[in-house]
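2 protein chains.
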Amino acid sequence: MVISIHLDSDTPLYEQLRNQIVIGIATGELAAEEKLPTVRQLAEDLGINTMTVNKAYSILKQEGYIVIDRRHGAKVSPRSTQTQDGSNHTAQLEEQLQLIIAQATIKGIDQSRFQALCSTIFAQMKYQH
Amino acid sequence: MVISIHLDSDTPLYEQLRNQIVIGIATGELAAEEKLPTVRQLAEDLGINTMTVNKAYSILKQEGYIVIDRRHGAKVSPRSTQTQDGSNHTAQLEEQLQLIIAQATIKGIDQSRFQALCSTIFAQMKYQH
DNA sequence: TCATATGTATTAATATATATAATACTTAGT
DNA sequence: ACTAAGTATTATATATATTAATACATATGA
Numbered sequence: 176m177v178i179s180i181h182l183d184s185d186t187p188l189y190e191q192l193r194n195q196i197v198i199g200i201a202t203g204e205l206a207a208e209e210k211l212p213t214v215r216q217l218a219e220d221l222g223i224n225t226m227t228v229n230k231a232y233s234i235l236k237q238e239g240y241i242v243i244d245r246r247h248g249a250k251v252s253p254r255s256t257q258t259q260d261g262s263n264h265t266a267q268l269e270e271q272l273q274l275i276i277a278q279a280t281i282k283g284i285d286q287s288r289f290q291a292l293c294s295t296i297f298a299q300m301k302y303q304h
Numbered sequence: 176m177v178i179s180i181h182l183d184s185d186t187p188l189y190e191q192l193r194n195q196i197v198i199g200i201a202t203g204e205l206a207a208e209e210k211l212p213t214v215r216q217l218a219e220d221l222g223i224n225t226m227t228v229n230k231a232y233s234i235l236k237q238e239g240y241i242v243i244d245r246r247h248g249a250k251v252s253p254r255s256t257q258t259q260d261g262s263n264h265t266a267q268l269e270e271q272l273q274l275i276i277a278q279a280t281i282k283g284i285d286q287s288r289f290q291a292l293c294s295t296i297f298a299q300m301k302y303q304h
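Those protein sequence lines, which keep their order, are chains R and H. All you need for my numbering is the position in the first sequence, starting with 1, plus 175. All you need for my numbering is the position in the second sequence, starting with 1, plus 175.
Please note that a few of the clues may not be correct.
Since the list gives no way to pick out one identical chain from another, each pair is judged satisfied if it fits inside one copy or across any two copies.
Straight-line alpha carbon distances no greater than 20 angstroms define the calculated EDC-like cross-link-like pairs of lysine to aspartate or glutamate that follow [stated by the list, open to error]:
1. Lys301 x Glu269
2. Lys250 x Asp185
3. Lys230 x Asp185
4. Lys250 x Glu204
Calculated directly from the structure, the hints in this document are not laboratory data. These numbers come from a predicted model, not from an experiment.
Work the whole structure out from these sequences, hints included.
Structure representation (C-alpha cells):
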C-alpha cells in the first residue's frame with residue numbers, strides 16, 4: 176500500500192498515517208491479517224522518525240484496527256475482531272457526522288447530493304465482515 | 176444558545192466553540208443575522224479567556240460563518256453569503272466523509288444504517304438558503 | 001462631544017503536543 | 001546465540017493552546 180504524508184499539513188504525521196491505514200483497511204487495499212511494514216521500514220520509506228510511526232501503530236492497535244506481536248510485527252486485525260468494542264462508536268460517529276452535515280448544509284449542499292456522495296464513497300469500501 | 180465546553184476534551188476550546196456555533200447555525204438555533212454574545216461575555220460565562228473566544232470568532236469569520244463589526248459585535252452571516260466560496264469545500268467534505276465511512280464500515284455499520292443516521296441528522300437542520 | 005462597549009492587538013508566561021535523535025530493552029523465532 | 005520486531009527512555013527543539021494583563025481603534029448613543 177502506498178502511504179504518502181504531507182509535512183505541510185495541519186494534521187500531525189502520526190494521524191495522517193493512522194487515517195490512511197484505516198482507509199486502506201476499509202477499501203480492502205489492506206486485507207485482513209495482512210502484514211504491515213515494520214515501524215523502522217515505514218519510517219525510513221517516509222523519511223520520518225521511528226517513534227512517529229510507532230505512535231500511529233500504537234493508536235491503531237488501541238483502536239483495534241491492527242494487532243501487534245513482537246516477532247511478526249503489525250498486521251490488520253481479523254475481520255471478526257474489528258466489531259467488538261461496540262457502544263460508544265455510534266455516539267462518536269453521530270457527533271462527527273453532525274458537524275460535517277452542519278457544515279455541508281450551510282454551504283448549500285442538500286441532502287440528496289450528500290447522500291449521493293456517501294454512496295460513491297461506500298462503493299469504494301470492499302471490507303467485508 | 177447554550178454553549179458548553181469540556182476542559183478534559185482533546186479538542187481545543189476554541190475549536191469546541193467554533194463547532195458548536197456552526198452546528199447552532201445549521202440547526203437554526205442561531206438564526207441568520209442573529210447577534211452572538213460578545214467575546215467578553217461568552218468568555219466570562221464559560222470561565223475561559225477572552226482571547227480563546229476571540230480565536231473561535233476569528234476562525235468563524237474567516238470561514239464566512241459570521242460577520243463582525245466593531246460596534247455591534249459578531250452576528251451570523253446572512254443566508255446568501257454563506258455559499259459563496261465554492262470549490263474546495265466538496266473536496267474537503269469528501270475527504271472527511273471518506274474517513275468517517277471507512278471507520279464505520281470496519282466497525283460493521285452498513286450503508287443503510289449510515290444513511291438512516293444521516294437522514295436523522297439532516298432532519299435537525301433547519302437552515303435554509 | 002464624549003463616554004462606552006465592541007472586536008483586536010500586543011506581550012508575556014506556561015503547559016502541552018509534535019517530531020526528531022540516539023540508544024537501549026524485551027521478546028520470540030530461526 | 002543471533003536477529004528482527006515492537007517498545008521504552010531520555011533529551012531536545014519547535015509549534016500550539018491557553019491564560020493574563022493591558023492597550024488600541026472605532027462607531028454608536030447619550
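Which of the stated hints cannot be reconciled with the structure, identified by number in ascending sequence?
2
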